[in-house]
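Enquirer: Starting from the known structure of chain A, arrange chain B on it as the hints suggest.
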Amino acid sequence: MNSTNRAAVPAEPENGSAGSGPWLLALRRFLRNRVAVAFLVLFFLIVAFVLAAPLWADHVAHTGPNETHTLQKLHVDGKVREVVTPEGKPIGPQWFEADGKFFLGADSRLGRDEMVRLMYGGRTSLFIGFVSGFITTFLAVVLALLAGYYRGWVDAVIARSLDVLWSLPVLLIGIAIGTASALGGLGIGPIFIPGGSIWIPIFIISIFYTPYVARPIRGEVLSLSEKEFVESAVAQGAGPLRVMFGELLPNLASTIVVFFALNIANNMLFEAALSFLGAGVQPPNSSWGTMISIGEELLTTQPLLAIIPGVMIMLTVLSLNIVGDGLRDALDPRSKVRLEAKTGMAEPEGASV
Amino acid sequence: MKKVRAAIAVLAFAAVTALALASCGSGSDSSSSGGSSGGEGKQGGTLNITYASFPDYMDPQLSYTQEGWSAMGEVYIPLLTYEHGEGSKGAEVIPGLAKEMPKISNGGKTYTLFLRPGLKYSNGEPVKASDFPYAVERMFKVNSGGSTFYTSIVGAEKFAKTKQGSIPGIKTNDKTGEIQIELEKPRGTFANELGLMFVAPVPKGTPNEDLSASPPPGTGPYMITKSQPGRGWEVARNPYWEKANSKAMPDYPTGLIDGAKVTIVRNPQTQVNDIEQGKYDYMENPPPADRYTEVKENFEGTQFRVEPTISTYYFWMNTQEPPFDDAKVRQAVNYAVDPAALERVYSGQIKGTQQILPPGMPGYEKLELYPHDMEKAKELLKEANPSDMDITVWTDTESPNNEAGEYYEGVLKELGFNTKLKILNADNYFTVIGNQSTPDLDTGFSDWFQDYPHPNDFFEPLLAGESIQPTNNQNFGNFNDPEVNKEIAKLGEEQLGSEQEAAYTELDKEVMEEAPWAPYGTRTLSTFVSSAINLENVIYSPTFGAYLTSFEFNE
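Line order of the protein sequences matches chains A and B. With the first sequence counted from 1, adding 1343 to any position gets you my numbering. With the second sequence counted from 1, adding 8 to any position gets you my numbering.
Next up, chain A with everything else stripped away, as it sits in the complex (with noise of 0.2 Å):
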């Protein structure tokens, strides 16, 4: 979109109506953001369609995510068709020809409904990727807030731990400590994760991109601390922990849930790569990022086996992402006007969406 048509869209004052709040107006500029809103109802639609997998398991494809169906025959049409042949070949979609039995098809040898794993895959990959998007946020808020607020040595253990933590390869070391721990289990002090269970790859991934959101929200809370609001919070005899979570908090407010849409897109991706390479949601469990290891095996004769978890990875991430942008707009309008003000494309306040 060019100028000339961001022009003919009605600007909205920035101090608002009387009586909007700073929320409401951000709403406002948000639901104007069209590509914004389209993919934000894309995101609900993928939400509804991986919550509904218990009502398609037990309605119409009669089956489980796990539960295997290797020498199963379909009746389509008077024909006879089996699951996985005996040299081994599952059978592909049957769309509605077999009442919504495999949908999309066997996932593997082994006759497991495609669709009932997409679905049920769907949920533990967006499980993770909220529950650990969740875990990362707060650690990396309460870690910049304290960095932030207190700065001195407080600051440079901190800053200095992230940016260690920032420094190693991500993905090679989630890899091993997913795989060692497939075995025994994950122990941490008093906390132990068994073998197996999805809180491994929470916790990996929880850990591994804390640095990635704890940083800029540092750099924020050290502007923050220097407003004359916090000296004066200060100055009426305000402790450290009201200064931090009752005038720096709020005032993150926007940074926060901007860096929590796109945390969920980047854990989702985290743990698609984690599941793919074995290290991630362990087997039979299924994940977007198991379905496409499995898929993979079979990429030859049946593409959409890996195909199809990938695009609903690829739609899941693409509209958080556009959704975090859109909140990022909506929330700090003048955060966009001063990227566009660098790159000569600034526009009136006011008129951006």
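There could be a bad hint or two in this list.
As the list claims (entries may be wrong) - Residues of chain B placed beyond 12 Å of chain A at every Cβ, according to the derived structure:
#1 Asn56
#2 Glu108
#3 Lys117
#4 Gly126
#5 Lys128
#6 Thr159
#7 Asp298
#8 Pro408
#9 Ala412
#10 Lys421
#11 Gly424
#12 Thr446
Claimed, not checked - In the DSS-like style, the derived pairs of lysine-lysine whose C-alpha atoms are separated by at most 27 Å in a straight line are:
#13 Lys149(B) with Lys234(B)
#14 Lys1416(A) with Lys421(B)
#15 Lys193(B) with Lys179(B)
#16 Lys304(B) with Lys1432(A)
Source of the hints: derived by calculation from the structure; they are not laboratory data. A virtual CB, placed ideally from N, CA and C, is assigned to each residue, including glycine.
Expert: Chain B in isolation, oriented as in the chain A frame:
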């Protein structure tokens, strides 16, 4: 015998023999070149080989897998060895480092052999008769999975426990090369077992530890020059083969190729692509199920060959711990596992069986004790009412063993067990499940390919109580039935005849009634080479896999 997670292939030795004979006719050249080498193919070249997983060990005393034996079969030659041939010919024991077959006396309890003179290791050290007991003692000291074959040597059992002193049952004379082995009792399979790599001589002073990263010197036509566990290894010609050993063992093939570089490629799709494009010359494991039909259709006869094997694929159950300490529970599992389903999981590369002995093994008679019946399985389990229903199911990452494990886990779940599936890297799967200190060894996948054509090979190492070891255990079910132990020991002493074969048939039934395993099939494997290789001459031994000396590049 060893487990094969990978290929087995095959044959075509007729051309080798014919060409070798032709070369003999040309005069003294054949003897100076160290015997037959696979024909008149192109001399030289380095073979690029790919394996899907690294062998369990790159140490002759420790390795007990097809991959390991295939990798080292022509590096470490035992006193006796196996004919370079296919099928039953390849299972024939012939003299190796020994001058001739052993002289057996004292009612089958004394074996006397003489070392060939002038033999040298690949580091130039002379091979001595006393290196043989050193290798046997080393095998016991490192708790090798092959130990069970040699405990009948006088004093070996005590040595295995104490690991102190020496084994009094082996006497040697380095001057004459005489090696005399005294057994506690006659052992019908001992000559076969002297042909296994577990007792291949290594230089005295070889450390008593796993030497996979720096394998010891050997006596064969090739030597390992570099080994990187998990990644690959390289072999080159043994300089002392041409100088010494080939003259001492003129019948042993020298081989045409100069060496080989072996790379672990864990993705079998990539392996197939690389073979088709000529990046690799031979893949040790079979093509993946998805490509199997395509490869077979396109390359059978020119670059691809299918071979039957004498093997049993099975799920073991730990008979010492609940819930599998109850025979009814194990029988229930046997009723629940459906070999027909597993035939499809293996893309038709296994044929369903439900017994210990595979087709082709003396004593085999088809048993149908557990026709698939899930209802009956559930009834039996209900009757048994096991106290512990939480179990861990083990398998390895190599396809389709991983899927077989997933199938099995699903079956156990359907029976009502609370299951946890553990899929381990194929490189160390058997080492981990063979270690008794590994927690939760309840049940899992295994397979067994014959070491030699004797049914004892399927009972003694796998199902005799004496075979249970703290590490490198092969009796994964820890099956220890006094009656069965007695019968295995008794039959092991006798030479195989029709009476013994009938007794093994009965033993097969007796053991399967106790159901320590849920066997599900016997495997078909394959050889796949690039267009640069002369497939016709590649010899696949039932014991050592594809012989390196049988490879040759096309002109």
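Enquirer: At 12 Å, judged by beta carbons, does Lys117(B) keep clear of chain A as stated?
Expert: Holds, since 45 Å exceeds 12 Å.
Enquirer: So if I understand the rule, the pair passes when the alpha-carbon distance is 27 Å or less; does Lys149(B) with Lys234(B) pass?
Expert: holds (25 Å)
Enquirer: Could you let me know if the closest chain A CB is still more than 12 Å away from the CB of Gly126(B)?
Expert: Fine: 49 Å to the nearest Cβ keeps Gly126(B) off the interface.
Enquirer: Can we confirm that no CB of chain A comes within 12 Å of the CB of Glu108(B)?
Expert: The assertion about Glu108(B) holds, with a minimum of 48 Å to chain A.
Enquirer: Does the claim that Lys421(B) lies off the interface hold, with its Cβ farther than 12 Å from every Cβ of chain A?
Expert: Non-interface label fails for Lys421(B): nearest chain A Cβ at 8 Å, not farther than 12 Å.
Enquirer: Would you say Lys128(B) is clear of chain A, with no C-beta pair closer than or equal to 12 Å?
Expert: holds (42 Å)
Enquirer: Test the statement that Thr159(B) is away from the interface with chain A: the closest C-beta pair must be farther apart than 12 Å.
Expert: For Thr159(B), whose nearest Cβ neighbour in chain A is about 31 Å away, the distance exceeds 12 Å, so it holds.
Enquirer: Checking a non-interface call: every C-beta of chain A should be farther than 12 Å from the C-beta of Asp298(B). Is that right?
Expert: Check fails; 5 Å does not lie beyond 12 Å.
Enquirer: Over 12 Å from every CB of chain A: does Thr446(B) meet that, or does the non-interface label fail?
Expert: violated (8 Å)
Enquirer: Hinted pair, alpha-carbon criterion (27 Å max): Lys193(B), Lys179(B). Please report holds or violated.
Expert: holds (17 Å)
Enquirer: Beyond 12 Å from every chain A Cβ: check whether that's true for Gly424(B).
Expert: holds (15 Å)
Enquirer: Regarding the pair Lys304(B) and Lys1432(A), is the alpha-carbon distance no greater than 27 Å?
Expert: Holds. Lys304(B) to Lys1432(A) sits at ~15 Å (cutoff 27 Å).
Hint check: violations occur at hints 7, 8, 9, 10 and 12; the rest are consistent with the structure.
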